[in-house]
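Kindly generate the complete structure, drawing on both the sequences and the hints.
Just add 128 to the spot in the sequence shown (first one is 1) and you have my numbering.
It is possible that some hints are incorrect.
Ranges of calculated distance between the beta carbons of each label pair, as one might list FRET restraints [said to hold, decoys possible]:
#, residue 1, residue 2, range
1, TYR242, ASN178, 22 to 32 Å
2, THR131, ASN213, 43 to 53 Å
3, ILE233, ALA133, 16 to 26 Å
FYI, nobody ran anything at the bench for these hints, they're computed from the structure.
By construction, the Cβ of each residue, glycine as well, lies at the ideal position given by its N, Cα and C atoms.
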Amino acid sequence: LTTYAGAVWNHIDAQLSYTLRLSKSKKAYMYTNVYGEGHDLKSVNDYKMNAFAFRVGYQIRLIPRVGITPQVGVMAQTLSSNLINGTTKYADGAKATSLTLGAKILGVPAHRVYVFLTPELAIPISKDNTFDKAAKAGDFSAGGFSVSLAVLLNFGK
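Below is the structure:
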C-alpha cells in the first residue's frame, strides 16, 4: 500500500510517498557466537520494509495530455521484524537510506482523470549494521528498482 502527496508550482513537482509493508523476506536465521566456538540459533525472523520518500523534479510536456517529470530524491527504509522462533526480534526498526533516480510519466486520458507510472532506481547510501545482517540472512536488500502505477481523480478547479 503506497500513499502519495504532492504539489506542482511553475513546473517544479515535489512529491512525498509512504509505502507500508513491502514484500515479505525469506526466513532469516540469526545465530550468536558462543565463546568464539560454534554458533547457537538465537532467533528466526522474517521482515517487511516500510519506505518514506521525498522526490523533486521538473515537469516537461511531451505532447498534449502526456508529460514526463525526471525526479531525484531520498528514501528512508525501515524494517519490521516478525518473530517466528526464539526470543529476539532482531533488526526490528533497522534503517537504510537511498538516493532515488526516476521519472513520473503522466497521462490525462479524460478531464480530471490522471494516470501516472513512476519507474525508480534506489541506490543505497547508508544502512545500519543490523539492517545489513538481516538483509543478508533474509535474502533482500536496501534500495533496488521499483515501478508504481496510479490513478488520480482531481475534484478541484
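Hints versus structure:
no.	hint	in the structure
1	TYR242 to ASN178: 22 to 32 Å	26 Å, holds
2	THR131 to ASN213: 43 to 53 Å	33 Å, violated
3	ILE233 to ALA133: 16 to 26 Å	19 Å, holds
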